[in-house]
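*Asks:* So you can see what is in the structure, the chains are spelled out below.
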Amino acid sequence: MTRLYGPRGWVAIGAAALVLFAVFPLLALAVPETSGLHLSAYWVTLIGKIMCYAIVALAMDLIWGYAGILSLGHGLFFALGGYAMGMYLMRQIGRDGQYRADLPDFMVFLDWKEFPWQWWNTGHFWWAALLVVAVPGLIAYVFGYFAFRSRIKGVYFSIITQALTFAAMLLFFRNETGFGGNNGFTDFKRILDIPVTTPATRVALFAATGAALIGTLLLARWLTTSRYGRVLAAIRDAEQRVMFCGYDTVHYKLFVWTLSAILCGIAGALYVPQVGIINPSEMSPANSIEIAIWVAVGGRGTLAGAILGAGLVNGAKSMFTQVLPEYWLYVLGLLFILVTLFLPRGVMGLIPGSRSR
Amino acid sequence: MIKLLLMLLLALLARPAAALDAAAVRELGFGDNDAKIAAIAALVAEGDPRAAGLLQAFADGELSTSGERVLVVQGDAGFDALSGAKLEALPEAEAREDVVVNNRLRRELGIAVAALRLVSPQRETRLAAARELAGGADQAMLPLVQKALGKERDAQVRRLLELTAATLELKTGSRNSRIAAIRTLGESSNPATKPLLLGLLEKRKDGSYAEPDAELRAEAHKSLRALNGRLAWGDRLSLAFAGVSLGSILMLAALGLAITYGLMGVINMAHGELIMIGAYTTYVVQGWFRNGPHFDWYLAAAAPAAFVASALVGMALERAVIRWLYGRPLETLLATWGISLMLIQAVRTLFGAQNVQVENPSWMSGGIEVMTDVVLPWSRIVIVFFAAAVLAGTWLLLVRTRLGLYVRGVTQNRAMASCVGVPTARVDTLAFGLGCGIAGLAGCALSQIGNVGPDLGQGYIVDSFMVVVLGGVGQLAGTVYAALGLGFANKLLESWSGAVLAKIAVLAFIIVFIQKRPQGMFAIKGRAVEA
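So the sequences go chain by chain: X and F.
Taken in order, the first sequence gives residues 1 to 357; the numbers are from this note's numbering.
Taken in order, the second sequence gives residues 1001 to 1531; the numbers are from this note's numbering.
No lab work stands behind these hints: they were computed from the structure.
From the three backbone atoms N, C-alpha and C, an ideal C-beta is built for every residue, glycine too.
Possibly wrong hints are sitting among the right ones.
When the alpha-carbon atoms are kept at most 27 angstroms apart in a straight line, the in silico DSS-like pairs for lysine-lysine are as follows [to be verified]:
id : chain 1 : residue 1 : chain 2 : residue 2
1  : X       : Lys153    : F       : Lys1503
2  : F       : Lys1516   : X       : Lys153
3  : F       : Lys1194   : F       : Lys1147
4  : F       : Lys1171   : F       : Lys1147
5  : X       : Lys189    : X       : Lys113
6  : X       : Lys49     : X       : Lys317
Stretch by stretch, here's where chain F covers chain X in the computed footprint (C-beta under 8 angstroms, at least three residues) [as the list claims (entries may be wrong)]:
id : segment
7  : 46-54
8  : 154-160
9  : 163-177
10 : 288-295
11 : 328-336
Let the sequences and hints guide you as you build the complete structure.
*Replies:* Encoded structure:
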């Protein structure tokens, strides 16, 4: 316990847990809608969404901040987790779709008679949950194994991950891939046979996301403060020296890379039922590169900074896209430039006494 | 076009010349459908080009009857169908009855009009008519087609007509003329003739051939083989051209990147947006020339303007942002991504989010028709040569000029170059400007074949990085080979598996290739080890 955080840190985490699991649910469910304190569905969804992004940011911080691997393809793992959950949610619609058919609407539209093989067993929640973890994990493992083994690193690695997510996006845009093409999945009705849009379900998903976020934070903290984490940081700072010391850096990197992808998959799976849609644009290279800026804004290699950055950037994004939509890209672009030029340690670097890395 | 032609023909009709076959015109108005078709055939057989106008009016549903007369009604004006004279007063709508055109009649009319146009004095009209006839001609047209063939001088129209005549003869002619027809078909390169020849070789269910004459079948075999060979060559040719074309475009897009990334090591994610700036500069320059007399030559001004505009933007970026990030490639990547977002939004603010229209100069429209169905567009041919010229220019600049010497020197050993007096900071700015300027040229070229919109650059950034990564860092040769190779591979796979799968396959191939040769195809040999 004490290795992870000092007393102040634990108090902060406890306070966050209290807010997430008690205060917000109460404000959303028990406080009447007429009251000014009521937390509307919009806010529950927005905060839940940002918490999903925060998990992704933590995953990114693990590999970028601690292992020095900048991935521009993390949106792929996020979307894969989302699609795995989406398949389950599509099956939960049952016969309540537009065509009242056993198959999802898009398959009826394409005149398919049965589920393609990718959909095997997706009617079961446990299988979907397994896919959420296994698919991103497996793809990341295989990709990472070949990439790290041939010592692809730095910018090369970044560009190839970008190509990977770009290729996946093209693939998922096709109707033949079996995941709804352009439109992806939407119009979900139920999860675990409970209607998905009721306030209670929303709050439950919200709390689950909060729990996942806190769990991810603690896991990441535990990992980075362990001996493994120190080797990882050493790899980031001087990989060749670590290799000369006799460490097999490939497996160190491969583990954190795969873990990071799995965390993204979980975040995606939590994201889809809350937002109610998943489509291939989640895999666009632009989305993936945005994850990097969340971490950069918060401060690399700080974990807390990743959460902070995800919150700040996405909060600003939803504010701007409502008030001044045409200026958001200017702000985001400026953020990229200013943070890299003037804030190499992010917002956390501004807080005196915070020891980064 | 059809309306205009009609006017012309009607003007001809209006002259008090020898009138059309009065009985046939009457039948058009009052006969039943079979009689009408017979009348159409009679008018076509006469071969009077003026009948084309009348038949076209018929096809457009402008034919009416009033009492005993057949009229052509266009808006408020009426014409006598027989003489073509304008009527002083159009009979009231109640006193007229429209002649109904059904699908069968419309088809007959379309072919009949085409047949009559074959004798038109304009080449374009004849060509269009010959094309239409090649699609489906009627037995009755054969004499007319042969007559037109006798007079025709234009090679392209002649080829089409010969084909049509052969098709018709094949069905009805004497044995000798059928053999001649088969031989003619064998010399064509039109894929439409293939089913005709195949039809001759078909076997019925009882094992007998559809064509009883063995000699004819042998001829058909020979012709079919020749035709197939030619069609395969046509396919190969168009595939090769598509590959070269895509390769040259990729090369243009990646050449600038080969300098900024390959030589200088700067990851510039805004490279695509510099291409876009080049395209928009072309659009602006085109606007200045729009109403002037020299519109066809606006590209001569637009290309240098695109180069300068993109180079200036690039140099400004280098001075303002990228300079401070040398040696930190990941940070450079993020900062230049931010720049690209801002550039996209800036263009949206200035020009709107919609695509803008960039017109080809007239000499770039159209193409060379190598064979039927194989047309090489001029715009793409020009771009292939343009890409080659840009490549040659860049190469000369790098190996024959002082700036090129400096750039290579700074690339190889920055500290040493600085020691011997090379102003490395200025060389960086200029080299970066050069790379960006080439991106601008790529944008100018792309504006001629694709849409110009704020997202133009986004589509090329992944591709151009792939070219550079594949080609290897540090020189131009790799870029050229990689671009052409990727272009060919893409088009080849596309013809097998469709565009998206081809793209995915190429990306997968690159990922695998990088595993084997992380330094690209043409790695610089040396002792440079990562710090």
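*Asks:* Determine for every hint whether it applies to the structure shown.
*Replies:* Each hint, compared with the structure:
no., hint, in the structure
1, X/Lys153 / F/Lys1503, "24 angstroms, holds"
2, F/Lys1516 / X/Lys153, "14 angstroms, holds"
3, F/Lys1194 / F/Lys1147, "26 angstroms, holds"
4, F/Lys1171 / F/Lys1147, "19 angstroms, holds"
5, X/Lys189 / X/Lys113, "22 angstroms, holds"
6, X/Lys49 / X/Lys317, "12 angstroms, holds"
7, 46-54, "violated (count 0)"
8, 154-160, "holds (count 6)"
9, 163-177, "holds (count 8)"
10, 288-295, "holds (count 3)"
11, 328-336, "holds (count 7)"
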